[in-house]
Structure formats: structure tokens, C-alpha cells
Amino acid sequence: MTSRFSKGLMLAGVIAILLFLLAPILVLIFSAFDGGNVFRFPPRSYSLRWFEEALTHTEYRSSLWVSTVLGIISTAIAVGLSSLAAFGLVRGKPSYRLGLEVLLLAPLTLPLVVWAIALLSIYAQLGINGTLPGLILAHVTITMPFAARIMIATFDEIDPRLEAAAKSLGASPWHVVRRITLPLAMPGLMSSTAIAFLVSFNDVVVTTLIAGAGWITFPVRTFSRLRTEGIDPTTIAIAAMIVAFTIVVIVLGQRLFQLSRRF
Amino acid sequence: MNQTPDITPTTTTLLIAPAAVLMFGVFVLPFLFLVVLSFWSQVPGSLSLDTSLTLANYVRIFTDSYYLGGLWTTLWLSGFVTLICLLLALPLARWIVLHAGRAKGLLIGISILPLICGALLPTLGLVNLLSPLGFINGALKSMGVIQSSLPLLGNITGVTIGLVQAFLPLMVLPLINTIERIPRDYEKAAMSLGASPLVVWRRVLLPLMLPGIVAGSLLVFCAALTAFVTPQILGQGKVVTFASLAYQQAAMVLDWPFASALGIVMLLFLALAGLVGALISRRLARGS
Chain E
1 MTSRFSKGLM
11 LAGVIAILLF
21 LLAPILVLIF
31 SAFDGGNVFR
41 FPPRSYSLRW
51 FEEALTHTEY
61 RSSLWVSTVL
71 GIISTAIAVG
81 LSSLAAFGLV
91 RGKPSYRLGL
101 EVLLLAPLTL
111 PLVVWAIALL
121 SIYAQLGING
131 TLPGLILAHV
141 TITMPFAARI
151 MIATFDEIDP
161 RLEAAAKSLG
171 ASPWHVVRRI
181 TLPLAMPGLM
191 SSTAIAFLVS
201 FNDVVVTTLI
211 AGAGWITFPV
221 RTFSRLRTEG
231 IDPTTIAIAA
241 MIVAFTIVVI
251 VLGQRLFQLS
261 RRF
Chain B
1 MNQTPDITPT
11 TTTLLIAPAA
21 VLMFGVFVLP
31 FLFLVVLSFW
41 SQVPGSLSLD
51 TSLTLANYVR
61 IFTDSYYLGG
71 LWTTLWLSGF
81 VTLICLLLAL
91 PLARWIVLHA
101 GRAKGLLIGI
111 SILPLICGAL
121 LPTLGLVNLL
131 SPLGFINGAL
141 KSMGVIQSSL
151 PLLGNITGVT
161 IGLVQAFLPL
171 MVLPLINTIE
181 RIPRDYEKAA
191 MSLGASPLVV
201 WRRVLLPLML
211 PGIVAGSLLV
221 FCAALTAFVT
231 PQILGQGKVV
241 TFASLAYQQA
251 AMVLDWPFAS
261 ALGIVMLLFL
271 ALAGLVGALI
281 SRRLARGS
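First to last, the protein sequences are chains E and B.
If you read the first sequence in the UniProt record's numbering, its first letter stands for residue 1, the second for the next number, and so on.
If you read the second sequence in the UniProt record's numbering, its first letter stands for residue 1, the second for the next number, and so on.
These aren't lab readings, by the way, just hints derived from the structure by calculation.
For each residue, glycine too, the CB sits at the ideal point set by N, CA and C.
Among the hints, a few may not be true.
As the list claims (entries may be wrong) - Reference listing, derived: stretches of chain B covered by chain E, where coverage requires no fewer than 3 residues with Cβ under 8 Å from a Cβ of chain E:
| id | region |
| --- | --- |
| 1 | 66 to 78 |
| 2 | 118 to 126 |
| 3 | 146 to 152 |
| 4 | 249 to 258 |
| 5 | 266 to 274 |
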């Protein structure tokens, strides 16, 4: 009896902690349907007007466009470079493998805000502050560790004998990569692409420091608005859509290629 | 495991070089530049830098009570956030390992969600959760528990809630990894020898979980120490943390040498935290 009681208590505690973890996201999605100008609980009315507003607002639309373009280019470069490097590290087995892994994963352990301060002043000296190449370079750097970690684990799990077998049967190196390695690495490639894009798309810490007036991503615009004018329901509606999109990607990723196991 | 390489050393180098050069050039070099920059100064009223070496930036940080206050607030806030994260993550991680079963992947997915969503989106939700007309105050008022709104935004309470929410996953993930490696028999053995649940936790489980606790605490402490988006939005400018001071200097005042010095001071405290963590881990390794 007592053990069942303590188990129930434990379960209630765990559910409470999970709810706490999810509460901001749940409230965010819920409050996007509030019809008023300022969110209040309980809402006086429910409507979809802020979603309509969000989709027609030109300033936000251009920011979302910037975020998307930046995310796609940075993800492509980061996943490409880290896949090559991960393949080299796993198949080449160099003596410096550990050191290089530390280098590739460094942005996960060192504070990005401190790095961004340095990057900002270097960019200013080079005159590439607020330019698209500067932003892409920064976003490739912050997404690289996520992609590299997943790709190293992916290639570690692929049996090199499969590649050797194909080669001994007369396949050219390019043929081996295309027909054996790439298909086997596909779940890892999809996972790292999804995570890298989301990290780039949602970054505010680095981008808010180095983004100039020309390339304002959605998180940067929202952050600067929040500090000056407070919260605005259109922002909430867009944020709710982004969170919903993120959840869909993670759930699909989990279903299709066990995303969380690779993280 | 086969130790002979499957590709030639030249190919290996060619494959690794682009990523390695990029990470070294764009990530590592700026940190080295930061050290130099922190000993320079800004020519007043312009964007150009005075490259004669000076300690003025550091003297300013450690003599001005505004910056010292910010540093002190940030340090104890980070420690407090780490402690709360630990208290919440221990039961959660243990439950996920022992009882979650097939839901485990989903639960880990939920706990990494705040990491992937970045700092901003969950914070927006937190504003609507904590504001005077928001979810918590509205719910408590309509239930008649309170008459006037509780002040949950624009103070240290709001910032603490925001930071715990944002960084809890950093504590949960290493704990899950450690707990998965503890054989379940240990606990059963201790129980069968008559140990109470409290003694089992204190003498058996906690010591075995310590590597995960140290790793998770370091991650949370460092993340909280350098956070500025959450403190700025939930503190509404009234809670001054060290990283938001550095952000203001870099993005608004445009005094980059001073911002760099603030950054270096943050790095020194992170290194100190890392050192303490390493010492604890070493003592553990020797003790066992």
C-alpha cells in the first residue's frame, strides 16, 4: 500500500516537472488564439486574427524569409562539411581524432555570447558586419557541433566491412559511397539536417549581436521588439507556428529515424 | 575494433581539413583575439580602437560597484538555478530510466525541445505564463486564491523560473546517461540488507550518480552564468546579470574592449567552475 502510494506520488511529481518543462510552449500556443490585444487568462474571446495578421505582416514575412534562407544555406554547409569530416575521422582513424572532435564540438561548451562579442569586433575590422556571408559563417559555426556529433555517431555505427565487400566485388569508390555508405547514413543525415536547421532558425544569442540592419532574422526582430515595445500578439502567433513546426519535426524525426537516440 | 584505416591519410586530411580550418578560424581565433582586445581601449566617441595595452577595463569591472553587483547577482543566481535544476532532474531522470519504457524516446524528445527551440520562443510563452494578467495570475484569481496579481515578472523570481525551465534538460540528459549504467541489483541488495529508502539514496544511489550530477551541474551553471536573453526579457531590465552587461556594452554602447573584458571575466569564472568539477571527479575516481 505504501509503495503504491509513494509510486503514485512519484508519478505525480514527474508529471508536474514535465508540465513545468512544457508549460511555456503550451501557454505560447494557447495564447496565440486569444482574440484580445494583450493576452489575459482566461481570454475574453478566441480568434484566429493574429494568425491572419502574422501571415500578412510584411516586416515579419521578410524576417521569416531571412531566417529560412540563412537556415537552409548554413545547414547545407554545416551538414556537408561535418559529414566529410566525420567520415574522415571514423574511416581514417587519425591519431588526432579526439582533439578534432573537441574542436568540432567546442561551440557546445564555450559560451556563444562571449564568442559573438569577439566575432562582432573582428567583423567590424573586416567590414563584413551585418552582411549575409558574415551571418552564414557564424551560423555554420554554431550548427556544426550538432551536425558533427550526429554524423560521427552515424558513421561509427556503419560496418566498414559492407563497404569493403562492395569494393572487392568491383565497385568504384564513388559507387560504394553512393550505393552503400550514403543510404546507410541517411537517417543520421536527416537527423543532423533537421537539428542544424532548427538551431540556426531559432538562434538569437549570436545573431542579435552580429546581424546588421539588412538581414534581420525573426528571432532578432522579436527580441529587439520585446525590449522596446513589449509583447505583441502577432509575434506570439508566429512563435506558436514555429514551435508547432519544431514539434512536428522532432516527432517525425523520432518516428522515422530515432532522432533522440542520436542527439 | 579494427585499428587499420580504411582510407589513405591524405584522403583523411582532405576530408577533415575544411571543417577543422573553419572551426579553428571562425571559432577558436576570435577567443584569442578577445584576450588581446580586452587590454585595448575604445577611442571615446568613435568606433576606432586604441591599441596601447591597458588594464583599465579590468580595473573598472572590479572597482565599480555596478559591475561587481552584476557579477555577484549572476554568480548566486547561477548557483541557485543549478541547485533547483538538480532537485527537479534527479527524480525525473530516474523515473525516465526506470519506468518510462517505450515512452523514453518521446520524453527525451520533450526534454530536448527547449534546447532546440532556442532561448527566445519558450521565453515568450513564459511572459504570458507569468505576467500580471497571465496564465498563473489569471487562474489563481478566478479560483479566488489571490486578489491582486503576484509579481512574477521583472524580478529575480521570473528570471529564476525562466532559467530553470531553459536549462533543466542540460541536467536531465547527463543524469539519464549515468543512471542507465547503475545496475538495479545494487539498490535491491541495499534494501534487502535493511537499508531505508533514504539511506539507499544517500549511501548507494547518490554516490553512483555523482559523475552525472557533476557534469550536469557544470553545464547548467555555465549556461546560467552566460545567459542574457532570458534574464533581459523576464527581468524586464530590472535584473542585471553579467552577460546582459556584456551584451549592452557590445551591442549598444559599442565599447568592444570593455565588452571583451567582461567576456574574459565570465570565461575565468567558467574555468574556475570547470576546475572545481574536475577536482570533485578526481576525488571520486580515487575514492572508488
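**Prompt:** Do three or more residues from the region 66 to 78 of chain B put their C-beta atoms closer than 8 Å to C-beta atoms of chain E?
**Reply:** Coverage by chain E is violated here, the residue count being 0 at a Cβ distance below 8 Å.
**Asked** Are at least 3 residues of the region 266 to 274 of chain B within less than 8 Å of chain E when you compare beta carbons?
**Response** Three-residue rule met by the region 266 to 274 of chain B, so holds; n is 3.
**Asked** Are 3 or more residues of the region 118 to 126 of chain B near chain E, judged by a Cβ distance of less than 8 Å?
**Response** holds (count 9)
**Request:** Apply the coverage criterion to the region 249 to 258 of chain B and chain E: a residue qualifies when its Cβ sits closer than 8 Å to a Cβ of the chain, and three qualifying residues are needed.
**Result:** Three-residue rule met by the region 249 to 258 of chain B, so holds; n is 3.
**Coverage claim, chain E over the region 146 to 152 of chain B, checked by counting residues with Cβ within 8 Å (three needed)** = violated (count 0)
Checked against the numbered hints given earlier, the structure breaks hints 1 and 3 and satisfies all the rest.
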